[in-house]
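Trainee: The residues making up each chain are set out below.
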Amino acid sequence: MAARLKPGQGPLDYGSRLWLKILFAVVLLFLYAPIASLIAFSFNVDKTGVWHGFTFQNYIKAWHNDAIFNALSNSLAIAFCSTIFSTILGAMTALALWRFKFPFKTPFEGFLALPIVVPEICMGVALALFYSKTGMMTAVRDWIWPLNLINIIIAHIAFSFPFVAVVVRSRLVGFNRQLEEASKDLGASEWQTFTNVIVPFLMPSLIAGGLLAFTLSLDDFVITFFSSGPNSVTFPVKIYSMVKTTITPQINAASTVLIVITLLATFIAMKIQAPVKTEKS
Amino acid sequence: MDYWKDFRKVFFTLMTLGSFWMLLFFVVPMGFLFVLSFSSKAIVNGETSILDYNYFSTIANYVDAAGSSYLVLLGRAVLWSAIATIVCLLLAYPLAFAVCFSAPKWRPILLLLLILPFWINLLIRTYALIQVLRTNGFLNQALGFFHLPQTDILFGTSAVIMGLVYVYLPFMVLPLYSTIEKLDKSYLEASLDLGASQPRTFWSITLPLTMPGVITGIILVFIPCLGSFLTSDLLGGPNNWMIGNAIQNQFGEANNWPFGAALSFILMYATFFVLFVRAMLTRRSKGVDA
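In order, the protein sequences belong to chains C and R.
FYI, this note's numbering numbers position 191 of the first sequence as 191, with every residue one higher than the one before it.
So the mapping is simple: this note's numbering equals the position in the second sequence, first residue as 1, plus 1000.
Hints in this document: simulated from the structure, not taken from any laboratory.
Any given hint might turn out to be false.
Partner residues are not named here, just some residues of chain C that face chain R (Cβ under 10 Å, in silico) [said to hold, decoys possible]:
hint: 1; residue: 14
hint: 2; residue: 35
hint: 3; residue: 243
As the structure is a computational prediction, the values presented were derived from the model and not from experiment.
Ideal Cβ positions, reconstructed from N, Cα and C, are used throughout, including at glycine.
Construct all of the structure, not just a fragment, from the sequences and the given hints.
Mentor: This is the structure:
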């Protein structure tokens, strides 16, 4: 076996094996070529899918296309509202689970994980049923924007906040409770301790959890598809209906914008979470 | 840890909103769905009503769902998810391995490259894949450029499985990476030192020790595949439906919500069964360790 190794290559140097490098390259091509071509063709002059020259026209047209613009702004508004509430709810739940012993705690934790494991489509149809039976589906139709999106926002909070709770709880594991005791010894109230000691400590996980909720919300198609009424179309739902009928480069342009927004959020989340790891080690 | 009774106010402040949200917007809708799955459409004035149901009146929906045409869709979902999961595993294991054994400064970048697509919207990725696979798509343009025969895989089984692998591969890479990274490399060195070949080392040392990651990866890919309907809808078309498509259809065009509800519960039971098997497996492997 060792005879086949090149000089300087240890038996455990799997990373430098040629076949692994080739496999890696092929998989990266498989993962990125479709996305890269989608982005490239957002700058295409022609709409047939054959390259005819570079242009920004598709971006300008998409911006002026009311249907696409509304869908994109709906998606962002929903993601924004859902992020704020999911972060608050997730953090509160994480704090409760971290701090307190209470009866039925383990079943409660399993119960919180349900939105994570139940198939999205089942949660989607359940919410569709709930909204139409309670009349919420039609009631919100004429409310002012973005309140007419409230059903979707509610649904997004329901499946996002358990994820935030997981992120926040993993940060709380490293919290030294003596800090909290010291704060209370020095006369701070429960609330003062919370705002001056616990929240600053949690801040990185709150931002990371919030950005996770943001991307989860932007990413969701299935639950939105079922819980949205006919007038509240989000960007993924819009692409879905357009893919079924016509494919236009304006969709490529709008998709590119959404990809950039999502990736920015992801990178910020990673930058913020990175120092946490070094602190621990 | 504090006992909840000692700080009732704090406890209830923290717990109420989250529990309320889960109860009202998850449990209650699921309860509605459960009731509906045992209901039939009401007949009002001799016509089938759109909105009214006879609640808890029948198990006909489940009987219908057990009919062969729907069992086929469930079976197909299980089969295709299994194939996609195996392909993901076969691709992701060597990749995660390569990342773990590459130079430390490259590791985060390589890992990020593999999981970054996970953050991009599922619909955008599926749409990108359609543009590649369709008849005048980029794949055929590339093949034509090299004067190779054209393919026509969009709206076929292989396109669906390819789509599932494309979408869920990052889910497999992550757990595999985290277990392989924790693997004590001296075990591998010891095995090789003692004369075991590389394949023998892999089968008797590396694979058993990274089994927890393999199982987690399988679960993380298999479960969402099982319930997926978008991939089979957009890449497979009407001849390649999975159980998820049937549910969507019953809540959409076919407009038979009670039957769709029954199908949803069958899908959920299948999911829970998979999780149950996983719990049994991990319990057993713990027993071996101890």
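Trainee: So, for every hint listed, does it hold in this structure?
Mentor: Okay, the hints, checked on the actual structure:
1. Interface hint status for residue 14 (chain C): upheld, as the beta-carbon distance to the closest one in chain R is roughly 4 Å, under 10 Å.
2. Satisfaction of the interface hint for residue 35 (chain C) is found here, the shortest Cβ-Cβ separation to chain R being roughly 5 Å, below the 10 Å cut-off.
3. For residue 243 (chain C), the shortest C-beta to C-beta distance to chain R is roughly 6 Å, which falls under 10 Å, so the interface hint holds.
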